[in-house]
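Asker: Let chain F serve as the given structure and place chain H on it in line with the hints.
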Amino acid sequence: MTRTDLWPAIEPLLARVERPARYIDREWGALHDGEAAYRACLIYPDTYEIGQANQALAILYGVLNAIPGVAAERAYLPWMDMSAAMRETGVPLFSLESCGAVRDFDLVGITIPYELTYSNILETLDLAGVPLRAVDRSESDPLVVGGGPSVFNPEPVAAFFDAILIGEGEEAVGEIVSAHRAAKAASASRAETLHALAAVPGVYVPSLYETVRDAKGAYAGTQPLPDTAARPVVEKRVVADFDAAPVAIAGIVPFMDVVHDRYGLEVLRGCTRGCRICQAGMVYRHVRERTPDHILRDVVAGLACTGYDEVSLTSLSTTDHSQLEEVLRRLQRRLEGTGVSVSLPSLRVDAFGVEMARLVSAGGKKSGLTFAPEAGTQRMRDVINKNVTEEDLLGSVQRAFESGWRRVKLYFMIGLPTETDEDIQGIGELVHKVFRTAREATPPAQRGGLKVAVSVSTFVPKAQTPFQWEPQISFDEIGRRQQVLRDSMPHKGVDLHWHDAEISFLEGVMARGGREVADVVEAAWRGGAVFDAWTEQFRLQRWLGAFAETGVDAESIANRERLQSEPLPWAHISAGVAPGYLWRERERAFAGKTTPDCSFAGCTGCDVCDDLEVKIVLAGDSRG
Amino acid sequence: MANGEFRLRVRYGKVGRLRWLSHLEVLHALERTVRRAGLPYAVTHGFSPHMKVAFGPALPVGTAGENEYYDIWLTRYTKAEELLSLLASAMPQDLAPTAAGYVGDSEPSLGAALTIARYQVEVTGKGSLTEQVHAAMKSLVDSGTLTVTHKGKHKVFDLARSLPEETRVTQSADGSRIELAVRIGPEGSLRPEALVRAALQSAQLDATVVRVTRTDTLIEQQEGLWARPL
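In order, the protein sequences belong to chains F and H. Quick note: the first sequence, position 354, residue 349 per this note's numbering, numbers continuous. Here this note's numbering = 1-based position in the second sequence + 29.
For reference, chain F alone in the conformation it holds in the complex (with noise of 0.2 angstroms):
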């Protein structure tokens, strides 16, 4: 294995790049280990302020490196100043650590985060120069493992990767490693090399499989090729004991301000509210919560090594932690006169939530309140599920303002599946109420101060979800919905943000297309799209120019409504949901039906315990 270490090449580049900091390792917490047989290069295909802070990453670097003979190191996209930099003096992608290229290590991993990313993967790839596609790379090229919340519907980035794994990496990393080691041990081939892959529980091996067409030449399906182990169907991994699951304690401190820049803390994982419009609630159950006892350890470890004077407790809805109360008022106790701050990332809209913020907050600043209603109307927020009502929403704004607090945000979307124009204005309506409760609810004399921020993005139907068989609302549509909603949001004292309706348009086709998007991706990232998450870097035109050349109907993937009948590109990936209970879920929806919390009403059916052996655990036997 040859190892280079590029520092001397990279050094004097440094010099004419914005941030520095985001190239040079030597973090509090970072490891070096030369000597291991094995490396392992973990990266993120984003910026390094971007990337630092993901937890998934901290876990697995974390988990790696403590397998005796193995290294995991960590790299991300440089910025354009510096891999133009690199480019035009022949420095390869490199890791921090060891400063080694990228492509000579044994694995690379890539975090498949979001829809967005996707042309950031193929720069990464070529950064580092390692062919753009599985089929291309040589038995001298690493093994390029996909993983992420984006694997759901993998197939617009299944060609650029020798592996996928579907689901939670705690576990499973340590066995792709193993099988990974085994199959070099044997002087195993690429190709012995992959098969070795599909059978490890949860690895897509993309190329193990084909697209079926029917006799009018429409797509039939994805099946394993024959005599292959791969499986007709990759169901995800899923970590059954979480609270027993390794944490990223001595995580690696960032010199650089970066996103989240404080110690997380994942307290719990999985949600089970069943919001049709969420593919995270359905991708991630079951809802698995850690004990108030190991919160208080990990999180008084986690401090200490790392230094942070904040603290996030995370998850996708950690209001929801049937202990929350009993944890959070241990750790006020423990954290007393030191400064040391405890934030939520989310906040459930009724009293809980409001009672739990001020918990946090209590003698200190008091940042804004974030609340996501989605919809403005009791019949909107009925069909996808969302079970919150006005008056929970009055309710706690009229609170959080009576505590202090004086700036609230605000979460929607249009576009949303049934979704009239009087949905629309009531989201206005409700905003208006908002606006009305909270100056009420504020002495006369601090009114200037109130702030109500409104955010609202365009719906986007994704893969495992209840309405990914629903059409995407079209371009010209979402201008004329958001141009209702403007002229039906009050003016003053209200700060409107919109998603990007271009941008919308875009993750819809990622979000639901199939194998053949693959081709859009790199055309598009040929034609300069890279960082496109960027807002200032997106240009819609590259990627309408990608479909034009490749031929691909971008407006069939995202506002075509789909039969029950047709396959779908993602059918071979499954989270454990049964695509009946998915049926079934939208058949309410369309009916006004909600359909309660399965954590503490009856079992709903979406058979995610009994095809995955994984049971939900709560700390508590009842919610906050």
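Worth flagging that the hints you see were computed from the coordinates, not collected in a lab. Just to be clear, a hint being listed does not mean it is correct.
Cβ-Cβ distance ranges computed for the label pairs, FRET-style [claimed, not checked]: (1) H:K180 - F:A566: 54 to 62 angstroms; (2) H:G154 - F:G523: 28 to 36 angstroms; (3) F:D28 - H:G67: 22 to 30 angstroms; (4) H:K184 - F:R325: 34 to 42 angstroms; (5) H:S118 - F:A566: 51 to 59 angstroms; (6) H:G33 - F:S362: 53 to 61 angstroms.
Covered stretches of chain H, as calculated for chain F (at least 3 residues, CB under 8 angstroms) [as the list claims (entries may be wrong)]: (7) 117 to 126; (8) 242 to 248.
Residues of chain F placed beyond 12 angstroms of chain H at every Cβ, according to the derived structure [stated by the list, open to error]: (9) V12; (10) R21; (11) D252; (12) T301; (13) T333; (14) L445; (15) D482; (16) R534; (17) L607.
Being a predicted model, the structure only gives us computed values, none of them experimental. C-beta atoms are modelled at their ideal positions from N, C-alpha and C, and glycine is treated no differently.
Answerer: Showing chain H alone in chain F's frame:
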């Protein structure tokens, strides 16, 4: 000491790869180190309470520093050597503290006291031979002034005042090394790389500045002697 607080002065280096950190990044790294080390740090009062710490003159991104200083106020007395070892064990090596000692609360701040900085500037390339660089430096210094343009603003430095001692040029492995002292302060500090670049340019030497290190930050005493603050 005032308010029952103890003012600990720490000498440290910003070397190796960490010379690429900004001053703010060094400050944040230090705060996290202090918490990891478990030091009994004092907190400022006011709207946004934070750790009570004060630094000497900032180092630019890319410039290393071998003898830099900060003061940190503590609420409890502990032997300085013990604190030094606690800090050293919690700090990345390239920012390691090298000395620590208590100073009186009435002492002037590091920012006000440190008015001299010694630098070492390394240049390589064609025309980086000692004699050539020496002649280029001398010719520029003899011209009397240097106008530096930074972010569209012009600033004129009186070189006799800005360079309080003679500059030395010696041969290095792949070029030459310039050692110089610069007066620093609120009225503006001459950046050594700006000076060296101007000298190389006016002598039309095809050499470049590859590394700048601030080797010392010093207090100019009344008798004209220079002393370390610790």
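Asker: A separate judgement is required for each hint: does it hold in the structure or not?
Answerer: Hint-by-hint comparison with the structure:
1. H:K180 - F:A566: 54 to 62 angstroms: holds (58 angstroms)
2. H:G154 - F:G523: 28 to 36 angstroms: Since G154 (chain H) and G523 (chain F) have Cβ atoms about 35 angstroms apart, the given range 28 to 36 angstroms holds.
3. F:D28 - H:G67: 22 to 30 angstroms: 28 angstroms Cβ-Cβ, so the 22 to 30 angstroms window holds.
4. H:K184 - F:R325: 34 to 42 angstroms: violated (57 angstroms)
5. H:S118 - F:A566: 51 to 59 angstroms: holds (55 angstroms)
6. H:G33 - F:S362: 53 to 61 angstroms: violated (32 angstroms)
7. 117 to 126: holds (count 5)
8. 242 to 248: It is violated, with 0 qualifying residues against the three required.
9. V12: violated (10 angstroms)
10. R21: violated (5 angstroms)
11. D252: violated (8 angstroms)
12. T301: T301 (chain F) not clear of chain H: closest Cβ-Cβ about 7 angstroms, inside 12 angstroms.
13. T333: violated (8 angstroms)
14. L445: holds (19 angstroms)
15. D482: Correct as stated: the minimum Cβ-Cβ distance to chain H is 40 angstroms, above 12 angstroms.
16. R534: holds (30 angstroms)
17. L607: holds (40 angstroms)
Checked against the numbered hints given earlier, this structure breaks hints 4, 6, 8, 9, 10, 11, 12, 13; the rest are met.
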